[in-house]
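Sequence order for the protein chains is A and B.
Per the numbering used here, the first sequence starts with residue 8, numbered consecutively.
Per the numbering used here, the second sequence starts with residue 8, numbered consecutively.
These are calculated hints, taken from the structure and not from any lab test.
Since this is a predicted model, take the numbers as computed values, not measurements.
Treat the hints with care, since some could be wrong.
When chains are identical, the list treats them as one kind, so a pair holds in a single copy or across two.
Unchecked claim - Taking lysine-lysine and the DSSO-like style, the derived pairs with C-alpha atoms no more than 27 Å apart in a straight line are:
id, residue 1, residue 2
1, 154, 100
2, 110, 98
3, 404, 37
4, 239, 98
5, 419, 348
6, 126, 218
7, 404, 110
There are 2 protein chains.
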Amino acid sequence: MSNIAATIITIGDELLIGQTIDTNSAWIAKRLNELGIDVLRRVAVGDTRAAIVTALDEEKERADIILITGGLGPTSDDITKPLLCEYFGGKLKVDEIVLAHIKNLFSRLNRPIIERNLKQAEVPDNCKVLSNRMGTAPGMWFEKDGKIFISMPGVPYEMVAIMEDEVLPRLSNEFISDALLHSTVVTAGEGESYIAERLMGFESELPPHIKLAYLPDSSIVKLRLTGRGKNKLLLAEQLESLQIKLIEILGRIVVANEDIPMENVLGNALIERGNTIGIAESCTGGYIGHSVTQVVGASAYFMGSIVSYSNEMKMNVLGVNKATLDEFGAVSEQTAIEMAKGALNVLNVDYALATTGVLGPGGATERVNVGTVWMAVTDRDNNIRTREYKFRYDRLKNKEMAAKMGMLMLWKFITGRI
Amino acid sequence: MSNIAATIITIGDELLIGQTIDTNSAWIAKRLNELGIDVLRRVAVGDTRAAIVTALDEEKERADIILITGGLGPTSDDITKPLLCEYFGGKLKVDEIVLAHIKNLFSRLNRPIIERNLKQAEVPDNCKVLSNRMGTAPGMWFEKDGKIFISMPGVPYEMVAIMEDEVLPRLSNEFISDALLHSTVVTAGEGESYIAERLMGFESELPPHIKLAYLPDSSIVKLRLTGRGKNKLLLAEQLESLQIKLIEILGRIVVANEDIPMENVLGNALIERGNTIGIAESCTGGYIGHSVTQVVGASAYFMGSIVSYSNEMKMNVLGVNKATLDEFGAVSEQTAIEMAKGALNVLNVDYALATTGVLGPGGATERVNVGTVWMAVTDRDNNIRTREYKFRYDRLKNKEMAAKMGMLMLWKFITGRI
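Go ahead and model the full structure; you've got the sequences and the hints to work with.
Next comes the structure, spelled out in structure tokens:
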């Protein structure tokens, strides 16, 4: 491979004791990829001198660019800056621009500035300083033996700001490399093995510079085609025609021809049709409303959600009958139907979705096992579809699954698939 | 350090192109830590033979235990199993127990079994097979040159099941090591630098076997004491008295004396007092309801949330006055107050919280900038507190921040702090 190769080193004890989930690496990898830079490895190490130096020594042997996040905060558990300064043979000195920026930040927040913050204006004299509009710790760009080392704070939005303002523009100027393109098809309702079976012929005919990967997440399976080549236009055409073939083979299980989440699939269908939706949630606790409103512009079609966690609220706000709750229970097909009808009326929308279930770990009754979720969808013509799901994961995963399946069900209903 | 050391290797191209965020490593690290096993490094590599072999070769030189996740699925982009088999000099053969388990899984799902799934029953003849009750791919436990290698699928709930059923019990039997204990204090309302200033004396007096780390996440800062020692009881006592000292020094900014999220802080206060809450959400779209219901047993105090994304819903369900919306706008102190009062009435609760704002990226008006969120809390005695927040991150981060600050505000109100 003649491509430019990068390694991401993340620094912080919190990563090694499981207190923090590393979201930075995925973000960085995605953006480097868009420039045609391959990420070879990601390495997480603790806040110790030896661990950091070893990682730097090793990764610079494999990669052209070493991106480092973490270890730049104002407190004493952060040792990265002096270490990097020494590693590249520099000296710490105050950078006037950084100093002015820190003072400005503090005066805007109306807070007194303290010595510890002023120290953040000290940077190695042998690096290019990368400005951090979101915080006090600047990024640093070192070059040594033809390799580039970029150090950034670990706070996600600060890292993102430095990458977007400083790092990505510089890298894209510096490197001309092979294009790397991805094309994704999202499917729902069939397992990875079945899909693989149907795609055996397709896969065996792929040219060597294009790969197919399966990314299963419960009943959603994403299929990703990745191509690499000198001619970006030609590669894009090849990927497009392969994607069309893929969609033909997979037929009705295809949910989207781009890498978008279920809430965007649903949103696109609603925008296209000019329809509105409302939701009545019990066990999902607001997660479906949250998911739907992650789409920018959701207010065009999403009127709201009634999170009716108690039976009183199911009756008083949604108009579910007491007799229904008494006879069938809160987690039942009948209650789900009345909740959906209630949401349609109260919110005055074209389509409504309702969920009611038990997500666990406790809450099982004689009638209902943990993981059972009833869903109902309805429209202004009083068409109704219902479905019972059995989820078997933990509380959060069950909630996410229920939200995803609920949005999928609503999308299928709106687009005439069920 | 005489402690048992582990490395986590995660395999999968999806990790290097940013399509997947690695949550497995944090989970594994946390659980190993509880056993007193240190995680030295985490390494992510792609689905290529060379990358995987290099990682195995290198990490076995530093660690006693190498945990590997990913690369065991039924599709052809997964190459880990044959590679591990060869790496340890074994041969693939069908394991009858795994085969019976796969057949059983498929018959329960009422699906025909295909060749590709049967192949998952093939395991190296030189490993201990680790049963996977959540899926078809078993885990594998190899031993070589005094080192332990554990391979598991990358699907999070399958990995968790194998760890809990098989790996953790075995590891805790096998190793007796130093105790490693953590003690956390959660604070809100003061920045990392200020806290560090106040803790300078405290930090300088810490014994060498106890470390203090700062884990800032916007206006929540967690302080984590980590101690290591032979005598677990003594260490626990030391940490406890240091934690008490820490809480004394920090005073009113302390929110919790254990590592729990804001929703649990709020839930604990409500359970203790026997009070109920309800929410009216606009910009947060259901995220506060979702957060509150992540606490097991939240139904004891959480009645529900009205996600009133449209003005119609604010008026029709919550009873916000049209005149208020017209005069002050949906994002205003006055609207937040009427939403909170509406939620209190409609949901018949002791306390209500309301949020209304613009999370971005679009949606700014002449009156309101992106990132502005108004919040109001109220109670049955008609006490009211309001606050305007200015968030400056992306849509999801702004939502999370608004949810966290909203729950914090409600907790302060309920506990008489504001």
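Now the hints, each set against the structure:
no.: 1; hint: 154 x 100; result: within (23 Å within a copy, 46 Å between copies)
no.: 2; hint: 110 x 98; result: within (23 Å within a copy, 65 Å between copies)
no.: 3; hint: 404 x 37; result: both (24 Å within a copy, 19 Å between copies)
no.: 4; hint: 239 x 98; result: neither (44 Å within a copy, 43 Å between copies)
no.: 5; hint: 419 x 348; result: within (18 Å within a copy, 38 Å between copies)
no.: 6; hint: 126 x 218; result: between (49 Å within a copy, 22 Å between copies)
no.: 7; hint: 404 x 110; result: between (44 Å within a copy, 25 Å between copies)
Going down the numbered hints, you'll see the structure goes against just number 4.
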